[in-house]
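Please arrange chain G on chain S, whose structure you already have, making use of the hints.
2 protein chains.
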Amino acid sequence: MSHNTHQVVFQPSGRQGRVAEGITLLDAARQLGVDVDSICGGRQTCGKCKVIIESGQFPKYGIASSPDHVMPMGEDEARYFAKHPPSIINHQSSVTTDQLPVTHYRLSCAACITGDVLVTVPPESTRRRQVVRKGASDRPITIDPILRQMFVEVEPNVLGGRKGDWERLQEALSCEWGLAGLRIDIHALRRLTPALRAGKPSTPGVKPRVTVVVWDEREVIDVRPGFHDAMYGLAVDVGSTTIAAHLCDLHTGAVLATESAMNPQVTFGEDLMSRVSYVMMHEDGLSKLHAAVVAALNDIATKAARRAGVNTDDIYEAVLVGNTVMHHILLGLDPTELGAAPFTLATHAPVDVKARDLGLRIHPAANVHLLALEAGHVGADNVGVLIAEAPDRQDEMMLVIDVGTNAEILLGNREGVWSCSSPTGPAFEGAQITHGQRAAPGAVERVRIDRVTGRPRFKVIGNDLWSDEQPPGQIKATGICGSGIIEAVAELFMAGILKSDGRFNESWTSGVGSGESVLVADSPLPTSYLRFNGRKAEYVLATADQTAFGREIVITQDDVRNIQLAKAALYAGCKLLMRRRGVARVDKVMLAGAFGSYIDPLHAMVLGMFPDCDLSRVVAVGNAAGDGARIALLNKSRRAESAQAARRVHYIETAIDPHFQEEFVNAMHLPNRVDPFPHLEALGVLPDERSAPDEEARARRRRERRERSAVASSQSAAPEDQAP
Amino acid sequence: MSHNTHQVVFQPSGRQGRVAEGITLLDAARQLGVDVDSICGGRQTCGKCKVIIESGQFPKYGIASSPDHVMPMGEDEARYFAKHPPSIINHQSSVTTDQLPVTHYRLSCAACITGDVLVTVPPESTRRRQVVRKGASDRPITIDPILRQMFVEVEPNVLGGRKGDWERLQEALSCEWGLAGLRIDIHALRRLTPALRAGKPSTPGVKPRVTVVVWDEREVIDVRPGFHDAMYGLAVDVGSTTIAAHLCDLHTGAVLATESAMNPQVTFGEDLMSRVSYVMMHEDGLSKLHAAVVAALNDIATKAARRAGVNTDDIYEAVLVGNTVMHHILLGLDPTELGAAPFTLATHAPVDVKARDLGLRIHPAANVHLLALEAGHVGADNVGVLIAEAPDRQDEMMLVIDVGTNAEILLGNREGVWSCSSPTGPAFEGAQITHGQRAAPGAVERVRIDRVTGRPRFKVIGNDLWSDEQPPGQIKATGICGSGIIEAVAELFMAGILKSDGRFNESWTSGVGSGESVLVADSPLPTSYLRFNGRKAEYVLATADQTAFGREIVITQDDVRNIQLAKAALYAGCKLLMRRRGVARVDKVMLAGAFGSYIDPLHAMVLGMFPDCDLSRVVAVGNAAGDGARIALLNKSRRAESAQAARRVHYIETAIDPHFQEEFVNAMHLPNRVDPFPHLEALGVLPDERSAPDEEARARRRRERRERSAVASSQSAAPEDQAP
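These protein sequences, in sequence, are chains S and G.
Per my numbering, residue 1163 is the first one in the first sequence, and the count goes up by one each step.
Per my numbering, residue 1163 is the first one in the second sequence, and the count goes up by one each step.
I should point out that these hints are in silico values taken from the structure, not numbers from a laboratory.
Accuracy of the hints is not assured; some may be wrong.
Intra- or inter-copy, both count: the list cannot distinguish identical chains.
[Claimed, not checked] No farther apart than 35 Å at their CA atoms in a straight line, the calculated lysine-lysine pairs in the DSBU-like style are these: (1) Lys-1465 x Lys-1798; (2) Lys-1516 x Lys-1450; (3) Lys-1325 x Lys-1516; (4) Lys-1362 x Lys-1450; (5) Lys-1325 x Lys-1750; (6) Lys-1750 x Lys-1798; (7) Lys-1369 x Lys-1325; (8) Lys-1450 x Lys-1369; (9) Lys-1369 x Lys-1516; (10) Lys-1516 x Lys-1362; (11) Lys-1698 x Lys-1638; (12) Lys-1450 x Lys-1465; (13) Lys-1450 x Lys-1798; (14) Lys-1798 x Lys-1369; (15) Lys-1450 x Lys-1325; (16) Lys-1465 x Lys-1638; (17) Lys-1245 x Lys-1362; (18) Lys-1798 x Lys-1245; (19) Lys-1798 x Lys-1362; (20) Lys-1798 x Lys-1516.
Pulled out of the complex, with its shape left as it was, chain S reads as follows (with noise of 0.2 Å):
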């Protein structure tokens, strides 16, 4: 080697330096600290760490740089190029050049410095290569796995050698790539020499060669013949009714499929705590609601395999979310502690256990992680969604919901995150009500009430067109599902249809109808939508020949009652958190939960499920748990990091704090009886008669009312606030 230096530029970092002559770009790269892929060690097999040398003058670098200022192509690599011909399109370079970018590609392990040259990595050829994750928030995600893949050449044993397969392979590792000390797996030391012998190239003096997959630069989990680049894993939310799954690329970072599926758990108790009775009653209890977990995630496995046309011995790794008891079950854990005070956890720090030992048909070496648990009624799903939305990381003040049979709720700033769960019960989940049902095709999702007439019309899942848009018997509704029932409660009260306290409003009436009051006690009302019979009143959504099974979908007011007592749970867990925040007002809401994707933000404000905010500061982020599995499955500093995070996370019990009652009473109304809404105030959705403290200005919206009435149909009625 010479020690003539050159000039070597590495776009987009801008990095720069002199370097030695005869040296290749991936040392250079290496030396300037540039981030250039290699799966292959140099062996010009890989192609990770093609880059393009460009071609011109660059004055802002002082430098004149030409393909020809590397070594000429070898036959290994000019092989390489002809058989994976590099895409045109895949060229981003900002620098502009006279020639074809085509030319200008090289295996950067292989192409030897001889004078100055500037040099684009494209995005596809560096390791910590990011990906956005989809869904609202859109942030990306450095792609940094805690498995690598690396290809090596072992050195052949030699008679009276005394190194094993294991121990030349542990050599070849510390001098190519420099690990340590690492351990293998058993199954791994099983495949290891199988695989040098398929490994050994035919040409006489060549090494065999194999493919290693190294976790945590720790152990070694499985070994290939040759080149073998395929890398996946999963990440999986184990909610309580749905288990949804990512199968991603752990290279790009790809969601290759999505898979999800029932959790056959449901069979054994739809709410967890019926679940964790079970355990305590069947001496196998837990045996068979951990089989059955485990069954559906081997068949979500393969099916999202199966899909993506990948090898399930090709999944190296799981991260798996989801609230402490499903946590517990899925490891085998005892949760009945969880059931009772003081809802012991078995532990709460994150958890490796390897996919055989929970019956996991991926690779058999590989590790399933569980995200930490914050307390008894904080799983694994909220660490998720800590790590998808970050409020720890942002400065404004972010609220983030949960919504499942139990909330969790996370509020705060980097200067600190309380969390708690909310025990709102199964009816945003469509549980609890008499039409309710789990979002499924047939399910009414959206309604809408028009606020004169007081007729509904809706979407059911499945179908595009709004009820009114269409034949009644084409539409076949089946039931409501959580995002509607909510929609139709918020509308009924922004009609004035239901009161500020939850009940149907006995002096309403249609805007358009005889003026007279239909209220008629002990009797059906006139009115096809609103009916009151004794103390029972109900509301129909969708009349006998909308549905699929010829009888009427109706809102009751059991129904408003347990969505009321469900909103008012969750209001009430914000509400403890601001006070313990020393808040009065957040600047975001995120609105997390598989439901959360679903529901408009503003029919859950109206509805009072949490406190006012700028409309547009609420987002809903979708599954975030799910998001969250994803990102510590391809990323695995912040999957430290969510274990400390986790720890940091300040937790309220809502159960023995003395201010959740009283909260909770006052969120019983729509949207509350005490807190303010301006938000919803200056979008004048909220009917006159919202409780209003004085009974001046009660008085005179009533009159305001009264007025818009005379106008819209010179008829008046004027509902009253019958708050308690």
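This is chain G only, laid out in the frame that chain S set:
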């Protein structure tokens, strides 16, 4: 606590010092570095720490000791002794007292010091007890296994406490036992919560108590409710033919049961290479062989546990040894490379693998440890021999021969140990011998041949009488086992019936016969013991009426040749090591192997299985490999040292040594063509015609024998040495 101090002396160590008044004897022992056991951590439950407080004046230490110099027994301690009265027989105090020692027993964790005391620590209360290893060497093993059982009280959880069961257990283990940074096996984590629930005393305010098993001060592998001191281990020698296991108490080191069984792999191939071939030829070969040996191990473990009245779930550790092929198959590693040069191992290092990953049905989180391997042909069994016989700890030059289908040989002393493997073939196990069989009832195991008459007598396994002490019909010999054929050949040689080149002596004649030469070519000879038929000679060991199958048991020229080949390989291996080590003679020979315990050192040396040595220094040590496994099971330091020792051993590859063939050819002679056997010469057991270097000496000996023969029978016949 007072600031007064008192003098405390511990026997038998004699350690003493002043300690603060009020501390317990256990704390005093720890302060003074005295080894006193404890599992319960001072809760007066386990009784492991009981000591004897001596009474009287002890001028040697300048103190007066009395049981009154510690605080009186409390309720808990009294309850313990009521339940477990100390046996007076155990009291081996060398200190004379005037009271019955039984009154002086105290739990050292309970007895607080109020004055000067002299305390005797009985052997059963020391943690690092020693047990004497059975067998010839009788070296003690210090009991210090890699596992420890610890009894702890765990703080109960409180509402809002945010510490899981595992976090609180870690705190207890850190606080009471000083252990930090522990991890927990998933199986132990699964048991933790139920154990804490079950281990909660009914008395309010008393904390839950559990017993944990900690592996290598790193990992909690089990949690049991309350106090649980059962902890067992298995030491297994997985031989090609026989699997032998010891079930040991890991607290006392006692062998509670010994079980052995045929290695079921023999149905896939008698010798190792045929099993390797089976793996190569059958796609499921490895998994079949693996499953077979695991099933056998499970069977043995179950039987041993049943015999000892022990639960297999209390077996927390297993140490396995075996040759390299057995080792690989047991772990599910491909043994193909062991079938041909360069004899590459998958790994040389010791392997730790969870019992459940091998399918071994002991405690699922139990660790299975396989000792290191030395080389392609020198396996973990030889490392077992190495730590059992410890040539590397001797001043004397020690030769250790582990006889089997492949013999492994160790030679050396503390300045260095050399090893090699020698391809003896299966003749020593009775295979490749006309009437050979395994050591089993009916097999001839002992042979004596009258020097003068040439008449044999023998003993069969399962029959205490010699063949000439009982009617022929009672003997029912079925064949000859390894030790029988070795003694037979050695005796034939000593009687002059075999010449030193291994050929039957055609000119041999019974000292009491007609005096004429009995050699008649191509015809049966008149002697009833030796006959020639053309070039085929055979010696009749058992007559037809002495056998179970009604035909003679004979030893043919081919049988002798096979034994010669086997012993020559052994001898050549020994010589090779001696040459490399640069020694002309050895001080000590250890004959190991199940074989080794049944063969007489004299016969082995006369045959020339190993170079000349003082016969009183030749010892059959039995299954040293299995003993080594037991040592590694009972003592973690010895285990750790064994891996180092295995690396330090200088391995000689016999296949590539230029001298091996030469030594082998010389060693075909009985006992050897060129090497002197002064110890045998001195005993006068060698026949005169033994190869003498000069023709004159040979002639002289011939003359002498003629004279002796003349004295015996007035006849003479001069057998001639026909060495090539």
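Do the hints match the structure? See the list:
For the identical chains of this complex, Lys-1465 and Lys-1798 are intra-copy neighbours only, at 26 Å inside a copy versus 47 Å across copies, given an alpha-carbon limit of 35 Å. Taking identical chains as interchangeable, the C-alpha atoms of Lys-1516 and Lys-1450 lie at most 35 Å apart whether they share a chain (20 Å) or sit on different chains (25 Å). Both within a single protomer and between protomers do Lys-1325 and Lys-1516 lie at most 35 Å apart by alpha-carbon distance, with minima of 28 Å and 24 Å respectively. In this assembly of identical chains, the alpha carbons of Lys-1362 and Lys-1450 lie at most 35 Å apart only when taken from different copies (27 Å versus 46 Å within one copy).
With identical chains, the CA atoms of Lys-1325 and Lys-1750 are at most 35 Å apart between copies only, with a shortest distance of 31 Å across copies and 61 Å within one. With identical chains, the CA atoms of Lys-1750 and Lys-1798 are at most 35 Å apart within one copy only, with a shortest distance of 28 Å there and 59 Å across copies. Taking the shortest alpha-carbon separations for Lys-1369 and Lys-1325, only the intra-copy value of 15 Å comes in at or below 35 Å, while the best inter-copy value is 53 Å. In the homo-oligomer, the alpha carbons of Lys-1450 and Lys-1369 lie at most 35 Å apart only across protomers (31 Å), although the nearest pairing inside one protomer, at 50 Å, exceeds that limit.
In this assembly of identical chains, the alpha carbons of Lys-1369 and Lys-1516 lie at most 35 Å apart whether taken from the same copy (32 Å) or from different copies (33 Å). When the C-alpha separation of Lys-1516 and Lys-1362 is checked against a cutoff of 35 Å, the pair qualifies both within a copy, at 30 Å, and between copies, at 31 Å. Taking CA atoms no more than 35 Å apart as the test, Lys-1698 paired with Lys-1638 passes inside one copy only; the shortest distance there is 26 Å, against 100 Å between copies. In this assembly of identical chains, Lys-1450 and Lys-1465 lie within 35 Å of each other by CA distance both inside one copy and across copies; the values are 23 Å within and 31 Å between.
Taking the closest pair of Cα atoms, Lys-1450 and Lys-1798 come within 35 Å of each other only inside a single copy of the chain (33 Å); across copies the shortest separation is 40 Å, beyond that limit. In this homomeric assembly, Lys-1798 and Lys-1369 come within 35 Å of each other (Cα to Cα) only inside a single copy, at 33 Å, whereas the closest approach across copies is 39 Å. Proximity of Lys-1450 to Lys-1325 under the C-alpha cut-off of 35 Å is restricted to the inter-copy arrangement: shortest distance 28 Å between copies versus 47 Å within a copy. In this assembly of identical chains, the alpha carbons of Lys-1465 and Lys-1638 lie at most 35 Å apart only when taken from the same copy (30 Å versus 67 Å across copies).
Taking the shortest Cα distances, Lys-1245 and Lys-1362 sit within 35 Å of each other inside one copy (22 Å), while across copies they are farther apart (68 Å). When the C-alpha separation of Lys-1798 and Lys-1245 is checked against a cutoff of 35 Å, the pair qualifies only within one copy, where the shortest distance is 33 Å, while the shortest distance between copies is 55 Å. Taking CA atoms no more than 35 Å apart as the test, Lys-1798 paired with Lys-1362 passes inside one copy only; the shortest distance there is 33 Å, against 39 Å between copies. For the homomeric pair Lys-1798 and Lys-1516, the shortest alpha-carbon distances inside one copy (17 Å) and between copies (27 Å) are both at most 35 Å.
Violation of the numbered hints given earlier is absent; every hint is satisfied by the structure.
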